[in-house]
Amino acid sequence: MDSQAAIPHALVILPHALREKVGNQASVRVYGHTVREIVAALDQEYPGLRFNLCHETGELRPYVNIFLDRENTRYLQGLDTAVRDGATIHILQSVAGG
Amino acid sequence: MSEHTTFAPGTVLVLVGTRRGLFLLTSRDRRRWEIAASGLVGRRIFYATLDQRNGHRMFAADNGDFFGTFLRYSDDFGQTWQEPAQGIQFPDGSEQKLVNIWVIEPGRPDEPGILYAGVDPASLWISTDNGVHWNLNEGLANHPTRSRWEPGAGGLCLHTIVVDPTNPARMWVGISAVGCLRTGDGGRSWVFANKNVRADFLPMQYPEFGQCLHRMIQHPAQPDVLYQQNHCGIYKSINAGDDWIDIQHNLPSEFGFPIALDTHNPDTVFVVVENPEGRNNVGEHFAVYRTMDGGERWQPLTEGLPSGPAVRLGVLRHGMCTDTLDPCGVYVGTNTGQVFASRDRGDSWNLVADFLPPVYSVKAILIE
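Each protein sequence line maps, in turn, to chains A and B.
Its first residue numbered 0, the first sequence is counted upward by one per residue in numbering that gives the first Met the number 0.
Its first residue numbered 0, the second sequence is counted upward by one per residue in numbering that gives the first Met the number 0.
Since the hints were derived computationally from the structure, they do not count as laboratory data.
Computed from a predicted model, the values in this text were never measured in an experiment.
Mixed in with the good hints there might be a few duds.
What follows is a list of derived Cβ distance ranges for each label pair [to be verified]:
1) B/Arg30 <-> A/Arg18: 39 to 47 angstroms
2) A/Gly22 <-> B/Ile125: 28 to 36 angstroms
3) B/Glu207 <-> A/Asn71: 45 to 53 angstroms
Where a beta carbon is used, it is the ideal one built from N, C-alpha and C, also for glycine.
Okay, chain A solo, but in the shape it has when bound (with noise of 0.2 angstroms):
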């Protein structure tokens, strides 16, 4: 049996900038119940690329922007919000431009 049965898993999108840090996959899977879980089990199996999403101190960086489906958890409940089964994740540079 699948010890991570229970866990949510979710396809997690990255943008072209962090492809190289997943072996130059445009998506992996991965399983959490938050955004900040899968963001951990990111860095579990990709190490180092938690620094890359987050500061240090454990907040997002300003200008990575996660969106859970279609909705930018930014204003949601930002690493907190809740991940459902089959969910897809955006992972995306903002456009910081004019």
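Place chain B on chain A using the hints.
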């Protein structure tokens, strides 16, 4: 990307860090220059250097806009880059977060493998294995005055590291806007070295700390002699920073960022003072200023440098350097994307690169 995998000994390599990438300028005769982009494109490169004590390992301060700030190194002259196994990063859950990496300096010639890096928030990081693992210097991080340090306009940044080649226990760091600190015990403890340096922006003109040091260098033959370009003046110390002497004299401004010297004639020092409001050239002629007597008299060097009513060039703290040849070469990168080079100690200048992104740093290395 550079097509070179190596450069012949005797080549002068100038690493040009810009707001959008690292570029390599090279020349065999300092007359004809070639420029190539490195593998670090589109990134804010505050500083880069080449460590030749143990091969040719290039280091760069890659301050990303989105996904974090990283020190990176390259063993193929900048074509491909690696992240350290243990990079510059405060512990998870820390109250501090890395903002920018400002400077990376190889250690003493007789301690290959040791490198230093300075960052914002102001802290010193040390590697003892050629940059693969980095650790925080706790002595400076836990300085008893640390909670009272205030940032300058560029942040609370440790941007200058001076390693005394004659004393393995002594070094200096420069922090904006804290000033100069010195250790005499290998980094376990640090003392301020700011006596007689003005802080005109504070209620106390001569505080123990709080000065806005912009850049500091050491005399190569007299290790107690230091020079600094400060927000409030140009200074010289003849006693390792115990106190400082104002050497502005006839310079048209006290304000500027970079300072460099001729290693073969160390009383020859170069600065680029600026109009403090516009932060660009004083008057209509862009000039580098040179003293040949340790700061008694300064002369503007203008031959080959631009002038006119619309010339407004600024040079950042790491935007000027010298090479180690004799006569020494001087290199100046501007915040409008030009690099000027002199092969005769500043007597005459040529534009050797243009249309670059704003230049943050230049670092000249003679390939061994």
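Status of each hint after checking the structure:
At roughly 43 angstroms, the beta-carbon separation of B/Arg30 and A/Arg18 lies within the given 39 to 47 angstroms, and the hint holds. For A/Gly22 paired with B/Ile125, a C-beta distance near 32 angstroms keeps the hint of 28 to 36 angstroms intact. Range check, B/Glu207 to A/Asn71: about 47 angstroms between beta-carbon atoms, so the 45 to 53 angstroms window is met.
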